[in-house]
Structures are given as C-alpha cells and as structure tokens.
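Asker: Sequence:
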Amino acid sequence: MENTEPRRKRPRQSLSHHTKRLKPSPNNPLGRSAAQRQALLHVDFRSNEPLQGPPNHRPEDFEQPRLRKCPFRLDTINWKSATKLGDGYDGCAWKVDFGDAGPFVLKVFWDTQPPQTYYAYFAPQRECQNAAILQMVEAVLEERPVPLRYNHPETHAQAMANMLAFSVPQEEAQQRQAVGSPRTVLSHSPPTRKCYGWLDFDGDLIKSMPYRTKPQPRKRDKPPHSMSPGNTYHAIVYEYIPEEDNEPALIKAQLQFFHLIGFSFTCSPRIENWKGGRLIDGSDVVYPGGAAWNAQYYGSPLVAAALLGSLEEWEADSNPRTT
46 MENTEPRRKR
56 PRQSLSHHTK
66 RLKPSPNNPL
76 GRSAAQRQAL
86 LHVDFRSNEP
96 LQGPPNHRPE
106 DFEQPRLRKC
116 PFRLDTINWK
126 SATKLGDGYD
136 GCAWKVDFGD
146 AGPFVLKVFW
156 DTQPPQTYYA
166 YFAPQRECQN
176 AAILQMVEAV
186 LEERPVPLRY
196 NHPETHAQAM
206 ANMLAFSVPQ
216 EEAQQRQAVG
226 SPRTVLSHSP
236 PTRKCYGWLD
246 FDGDLIKSMP
256 YRTKPQPRKR
266 DKPPHSMSPG
276 NTYHAIVYEY
286 IPEEDNEPAL
296 IKAQLQFFHL
306 IGFSFTCSPR
316 IENWKGGRLI
326 DGSDVVYPGG
336 AAWNAQYYGS
346 PLVAAALLGS
356 LEEWEADSNP
366 RTT
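Just add 45 to wherever you are in the sequence shown, counting from 1, and you've got my numbering.
Please keep in mind that the hints were generated in silico from the structure rather than gathered at the bench.
Computed from a predicted model, the values in this text were never measured in an experiment.
Keeping only pairs whose Cα atoms sit at most 30 Å apart, straight-line, the calculated DSSO-like set for lysine-lysine is:
{"hint": "1", "residue 1": "Lys239", "residue 2": "Lys114"}
{"hint": "2", "residue 1": "Lys259", "residue 2": "Lys239"}
{"hint": "3", "residue 1": "Lys264", "residue 2": "Lys125"}
Each pair of labels, with its calculated beta carbon distance range:
{"hint": "4", "residue 1": "Glu289", "residue 2": "Pro255", "range": "24 to 30 Å"}
{"hint": "5", "residue 1": "Pro214", "residue 2": "Met254", "range": "45 to 51 Å"}
{"hint": "6", "residue 1": "Ile286", "residue 2": "Asn101", "range": "24 to 30 Å"}
Built from N, CA and C at the ideal position, the CB exists for glycine as well.
Using the sequences and the hints, build the whole thing.
Answerer: Here you go:
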C-alpha cells in the first residue's frame, strides 16, 4: 500500500544556535567599537560610473568596493507585466523587463539610511559591496589564474590577504608564487548570480503599479518596513534565476569559493536563499572589509552543515516516502 504521509519535519535551527557557545575570536572584527562600526556603515558603496566593461581591480577598489550604476532605466519597466517575487526583511523584489531586455530581478531596499544600532547592517550597502567584489574577482579570473596567499585562511587578516591577492599585478603574483611555498591557485569561479548595478528607485512609481505588485508594509518587522511615494530608495538589479534544484556539490563549491576569497557568512544561512546551487541573497555573506564580517562564521563547517542539512529536509518534504 502506498503511504504518502510526509515525513515529520525537524525544527530548523539557525547557525547562531550551533555557535552560541563559541568564544569570541581576537581576529573577529565584531570586536570593533560601536563608533567604528557606525563609521563603516556610512562608507560610500556606490559609484556613478556606468556598469560597462570590466571593473578596475586596484587595492583601493577592493578596500572600498563601490558598485557601478546600472545602465537600465526604470521608466522602461511595464509594471503590468511585472511579477512580484516576494519581500523580506531587507526589501522587495520583482521580476521585470527593461524594455525588450529581460527578465531581471529588481530588488528595492526598505531602508534609506544606515541603522543607528551598532549591531545591525545596512542591506543596500552590503549587497552592493559584495556584488562589486565578486565582479572584480571574476574579472581578474577571466584574465589569469590567481595564486592566493593562504591555502586554508582562518583569520580576518588572512581573509583580507586572499582577497587583496586579486589586486596584485600578474608579474608580481608570479614572482611571489615562484619563491614562496605551494599555494592554492584559483583559475575560475563557480557560477554566481550576475549583478547589473544599482539604481535609485523613485517611490512615486508605486502610484502606477497594479495593486498586486505594490510593495506592502511589513508591520511585523522591527522596526516596521514600508515604501511610499515621495521617497527615493536604493535598488539593485540582478540576473533572474528560475527555480532549479540545488545540487550539494554546487553548493559546496560555492562555499569553498567564498571562503578562499575571504567572505564570511552570517549567523542564519537559509537553503531557501539558494537556487541551482547559486546564492541569490546578497546579504547572506560579508566581504572582509564589511562591518559584520565574523570569524565565527568564516569557513565554518557549521555553515555547510546547516545548508546541506536543510537541503536534505527540503527534499524529504518535497518527496514523501512511499512504502
């Protein structure tokens, strides 16, 4: 007899649950003062340069990454054919076409200013910085392989050194590799979600949206979030990725890649933020210079365990047992 009763779900636990007993690391930048973190949250993260061609990748570009401006125009979106993909704590996302080009994902952030609390993060800043770093890393890897400073980075200094390896001129990198100990050499990056730059979203556009696509207030958030006409909001444009199964091997490859180039994860990785083995939530990771980079979640096996464990539960829930 066929039994289609779904497996009983185990309660999912965030990474913070598994790491709450870990002692603070002396290499953890969360040891910065509240004033230092507030200063980082106010660092400029956008460039007015249009996103055309490969980006510069000098040391100063990595130390203060700024995402270039999207060349698309918001007034070319037909909101009647747009699809609201959903909303979350950071913002609201739509599947849109810019004129005849598309589809793309337009993500508009609720917050227009950095938070005043030292432990919070500024979502548009984090996503723009992360996207800018990934664009530089991928641009360098299209030119040449990159020998990294550390094969198994663990500290913030080592994470930063590996990231800055992408800013080293080719001849200097070859000389370092020749005289040093054997190093991990990155020759390519796994597929990552493409970013097309930032935009300013005019809140007056909400007036022309069909009701089904309007951003609805999130009163349950703390603080509550909403968008309204008369305000200007930060926005970012991403590649649209259709629903695809997550292959564990692809997720592991991305986790290793993020670790080697210096990114830490946040305390609550969610498998729902991955599609086709690619991370689609740009706020789930933090580049080494970011205000919330955290040594506890840098290269931690608990990140992989949390994601892959959730993936197993997800697949089990989607495919009930048969006997």
